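Trainee: Listed here are the chains, written in short residue letters.
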Amino acid sequence: MKKTWLRDYIIRRLLYAIIIAWGILTVTFVLVRIGPTSPADKYLANLAARGQDAAQVIAAVEARYGLDQPIYAQYLNYIGNLVQGDWGWSFSTSMPVIELIQTHWIYSFQLILLSSIFAGIIGILIGIYSAVRQYSRTDYIATFFSFIGISIPNFWLGVMLILLFAVQFGLFKTYYDTSLPLFSLANLKQLILPVITLGTGMLAGYTRYTRSAMLDNLRKEFVRTARAKGLPERTVIGKHVFRNAILPLITIIMFDLGSIVFGGAYLTEIVFGIPGLGRISFNAIFADDYAVVVAITLIAAFLILMINLITDITYTYLDPRIRYD
Amino acid sequence: MTKLKILAFFLVAMSLLACSCQLAKEASGVFISGTSSGDAETLNWILAADSASFGYAGHTVDSLVAYDNEWDIQLRCAARDVEVSEDGLVYTVTIRNDLRWSDGSPVTAEDYVYTLENLMFSDWLNYPYKSDWQEEVDGETVFITAEVVDETTFSLTRRTVDTEFVYNVRTLAPYPKYIAVKYEGDVKAFTEAPEFNNLTYTGNLGPYKFLEWVRNDKFVLERNPEYYLAKDVGAPYFEQYTIKIFGTAATLHAALEAGDITYTGIDPEKMGKFREMDWLNVYTVPTRSYLLLAYNQRDNGWVGLKQREVRQALSMAIDKELIVEQVLYGFGEPAFSFIPKPSPWYMDEGLAKYGVGSLLDKEAAQERLLELGYAVKRDDGNIEVRDEEGRPLKLTLVTNAGNEVNEDVCHLIKEELAAIGIEVELKFVPWATELRKYMMNKIPGTDQEPRYNNGVGAVSEEPWDMLVILFNTHPLSPSGSDVFYSTKGGLNFWGFFNSQVDGLFRQAKSKEALDEEVRREVYAGLSVLMSEEQPVNFLAFQLANVGFQSNVRGLEPGINMGYNYHLWYFE
Chain A
14 MKKTWLRDYI IRRLLYAIII AWGILTVTFV LVRIGPTSPA DKYLANLAAR GQDAAQVIAA
74 VEARYGLDQP IYAQYLNYIG NLVQGDWGWS FSTSMPVIEL IQTHWIYSFQ LILLSSIFAG
134 IIGILIGIYS AVRQYSRTDY IATFFSFIGI SIPNFWLGVM LILLFAVQFG LFKTYYDTSL
194 PLFSLANLKQ LILPVITLGT GMLAGYTRYT RSAMLDNLRK EFVRTARAKG LPERTVIGKH
254 VFRNAILPLI TIIMFDLGSI VFGGAYLTEI VFGIPGLGRI SFNAIFADDY AVVVAITLIA
314 AFLILMINLI TDITYTYLDP RIRYD
Chain B
7 MTKLKILAFF LVAMSLLACS CQLAKEASGV FISGTSSGDA ETLNWILAAD SASFGYAGHT
67 VDSLVAYDNE WDIQLRCAAR DVEVSEDGLV YTVTIRNDLR WSDGSPVTAE DYVYTLENLM
127 FSDWLNYPYK SDWQEEVDGE TVFITAEVVD ETTFSLTRRT VDTEFVYNVR TLAPYPKYIA
187 VKYEGDVKAF TEAPEFNNLT YTGNLGPYKF LEWVRNDKFV LERNPEYYLA KDVGAPYFEQ
247 YTIKIFGTAA TLHAALEAGD ITYTGIDPEK MGKFREMDWL NVYTVPTRSY LLLAYNQRDN
307 GWVGLKQREV RQALSMAIDK ELIVEQVLYG FGEPAFSFIP KPSPWYMDEG LAKYGVGSLL
367 DKEAAQERLL ELGYAVKRDD GNIEVRDEEG RPLKLTLVTN AGNEVNEDVC HLIKEELAAI
427 GIEVELKFVP WATELRKYMM NKIPGTDQEP RYNNGVGAVS EEPWDMLVIL FNTHPLSPSG
487 SDVFYSTKGG LNFWGFFNSQ VDGLFRQAKS KEALDEEVRR EVYAGLSVLM SEEQPVNFLA
547 FQLANVGFQS NVRGLEPGIN MGYNYHLWYF E
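Going down the list, the protein sequences come from chains A and B. For the first sequence, our numbering gives the first residue as 14, with consecutive numbering after it. For the second sequence, our numbering gives the first residue as 7, with consecutive numbering after it.
Because the hints were derived from the structure by calculation, they are not lab data. Computed from a predicted structure; not experimentally measured. Cβ coordinates follow ideal geometry from the N, Cα and C atoms, glycine included. Mixed in with the good hints there might be a few duds.
For each label pair, taking beta carbons as the anchor points, the in silico distance ranges come out as [unchecked claim]:
id, chain 1, residue 1, chain 2, residue 2, range
1, B, Glu410, A, Leu44, 29 to 39 Å
2, A, Ile161, B, Glu394, 56 to 66 Å
3, B, Gly110, A, Glu112, 27 to 37 Å
4, B, Glu275, A, Ile161, 26 to 36 Å
Cross-link-like lysine-lysine pairs, in silico, DSSO-like; alpha carbons within 27 Å at most [unchecked claim]:
id, chain 1, residue 1, chain 2, residue 2
5, B, Lys443, B, Lys400
6, B, Lys400, B, Lys433
7, B, Lys368, A, Lys186
8, B, Lys279, A, Lys186
9, B, Lys420, B, Lys368
10, B, Lys383, B, Lys312
From the structure, some residues in chain B lie toward chain A, with a derived Cβ separation under 8 Å [as the list claims (entries may be wrong)]:
id, residue
11, Glu190
12, Asp192
13, Ala260
14, Val552
Can you build the whole structure from these sequences, using the hints too?
Mentor: Rendered as structure tokens:
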């Protein structure tokens with residue numbers, strides 16, 4: 014029975030996702046083109062230095078990439094190509110957009126995945142411990158460091174970690190080396206500092222959220238009942254309290270994931286020289302590389318929609334009372 | 007017998023010496039050049055308009071010649087220097103006969119001529135720098151003519167004399183005709199051509215061969231053992247040459263300090279720290295860049311700026327040595343002309359040195375403004391600077407946001423002008439905004455396309471009075487700066503129109519200036535005139551700082567220190 018309504022729900026949400034993604038694509042496509050700047054703007058300084066007629070060069074560059082055509086013609090052309098799997102040509106990196114994304118997504122993915130695991134596991138464990146030992150010295154210390162973790166800008170933290178552990182102690186390289194195999198210990202090692210940089214803020218946040226959610230549930234009647242039944246404290250905390258506390262946590266973690274995919278990870282990528290999608294998209298925005306901007310916005314939108322869907326589905330498994338009709 | 011022994015000993019000793027030299031210079035290691043100035047856009051360099059793209063491709067394909075630090079010619083693909091006919095119209099280029107494409111076929115004069123005629127001059131490809139190869143003939147813009155003379159010789163013919171066109175010719179690099187013909191006429195196919203985007207055609211034309219390019223991360227080259235110029239001595243001596251892109255200057259500097267990269271530029275304020283590191287060699291070298299303060303002489307700038315004497319007065323109030331010391335941390339020199347000191351055409355004699363010595367005088371500046379009617383003298387003897395309507399003078403100073411040096415210069419100028427009673431409003435705007443709203447101009451009420459110089463009567467969208475910017479002058483061909491300072495100059499956005507200056511720029515390119523002595527005199531006159539006219543306040547020439555790991559050998563610090571980089575090696 015559950016399978017049927019859940020399948021229908023997923024199909025419906027997927028259809029919505031496609032419609033929303035198409036809407037976002039259209040809006041982005043138009044917005045990037047009606048802005049006051051041109052992809053040729055970045056050449057102007059160099060052209061000025063070489064004494065060229067900038068207007069002529071801008072016209073030439075725009076003609077080369079079909080940007081001199083009316084927007085609707087460019088749009089129809091783009092959609093037609095997209096349907097056939099052609100995401101366009103990135104003129105700021107001189108390669109097909111799909112190839113660019115295929116090459117670079119893994120760098121962001123590994124960083125985000127490892128940071129989330131690092132922050133999720135440690136943050137939740139500390140949060141649980143803090144809640145169970147409320148107002149203990151450990152709780153105060155955890156609270157203190159959580160606030161520090163939330164307050165530190167990850168850009169600053171990254172540079173400090175590099176100066177300390179890479180420059181002073183020589184334990185790591187100062188930058189991410191893409192020549193190392195992805196699935197190797199050496200790669201894992203070089204991700205330690207970036208993961209700490211990106212994960213610290215998340216970890217601190219998860220600690221606070223977990224503590225708060227756990228404390229809420231610890232005060233509930235069912236906990237008293239469980240304890241009165243003589244259940245071991247570990248079972249009470251692990252099975253009863255944590256299971257109820259995890260629902261809001263899942264929402265927060267998933268929301269976090271969505272926001273760091275193309276946002277928070279960017280600064281960490283910049284500091285450590287990781288050529289991930291955050292860096293690619295940032296450069297594309299500044300280079301007015303329309304094809305890349307549109308593609309990455311589309312992927313980001315679709316990913317966030319999918320994350321929301323997965324979150325909703327996860328709820329139904331964590332709390333069988335939840336159903337979407 | 008003894009003689010034989012001595013001879014044998016001598017031969018053995020020489021052989022050992024030769025071996026040890028060879029050993030010291032065996033190809034080894036990876037040279038990593040760090041940069042934070044952004045990635046290239048394409049390796050298909052004929053499409054590129056950014057300098058990084060030319061830089062990347064330049065490792066694999068040499069131009070005709072290079073210049074050493076004294077601007078002496080070093081032959082590269084050219085077998086001898088470009089020959090210029092006596093009338094200055096015909097340029098004959100002879101290339102080496104041992105240049106090869108990757109398929110083993112020879113690089114010929116035909117490839118060069120094809121690159122010019124069928125690619126650079128074509129309508130379909132939209133080569134961004136085509137105007138380098140154009141001239142004005144009877145009011146019409148036409149291309150020069152390129153012709154094959156024989157297998158290794160081609161000629162370029164102009165119809166008008168341009169004394170400095172030869173410097174353009176020397177930068178030429180070829181595309182392989184046998185590949186390019188496949189894509190001719192189809193800009194999309196040419197743009198996406200794998201041979202050009204992966205530099206698979208470069209043969210023995212450069213010291214390195216393309217290996218890998220991870221966008222926004224690194225560009226990796228491997229040693230080209232067939233390199234025509236140095237294979238006899240075993241050069242180049244690095245197994246790999248990598249350009250590593252960093253997102254921030256802080257991490258770039260950290261990488262140099264930690265020894266993770268071999269070389270990078272160093273910000274002036276960090277020089278003290280880096281000089282103390284004994285594992286690094288740090289050099290300060292001249293550049294061709296100069297900071298300037300543009301005075302808006304168009305109708306939407308303060309009217310006083312149209313007067314030479316007013317511009318002189320303002321320049322007299324701004325201390326250039328203070329800018330060098332406080333903003334450039336001593337790594338610069340006051341500038342008085344657009345020609346940089348390392349240029350063979352630089353002349354110091356007769357320059358009006360506003361902003362230093364006797365021409366740095368704030369009181370005299372106020373007095374001059376008083377004489378011109380832009381100030382009033384109070385009863386206590388103090389002078390108050392006023393605008394044409396008698397109100398306290400307030401000027402707007404613009405620069406691009408995020409450029410620390412420019413912003414610091416603006417702050418300093420604000421203080422300097424405040425000292426003579428001029429209030430300065432600073433506007434730090436994004437680069438694109440600066441270009442489009444402050445620099446580009448058009449005649450109001452017309453449907454003109456905005457350009458950097460739409461002539462008399464044209465004004466920018468936003469009003470401004472002064473603007474800080476960084477320009478370059480090619481030390482060998484300063485006449486290229488006519489785009490900034492001549493009446494018809496395409497980049498004369500501040501609206502400086504002076505027929506005497508126009509005439510001297512024309513003269514510098516004219517037939518009579520083929521005689522270098524004549525040209526030297528013209529440039530000397532032009533420099534003096536410009537220093538007096540103050541179309542802009544030439545603020546300071548910048549010096550660059552570079553740091554290398556101390557085991558790099560073969561370096562010749564100077565303005566063109568990379569010219570012999572194929573001979574650098576690790577100790």
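Trainee: Which hints from the list above does the structure break, by number from lowest to highest?
Mentor: 7, 11, 12, 14
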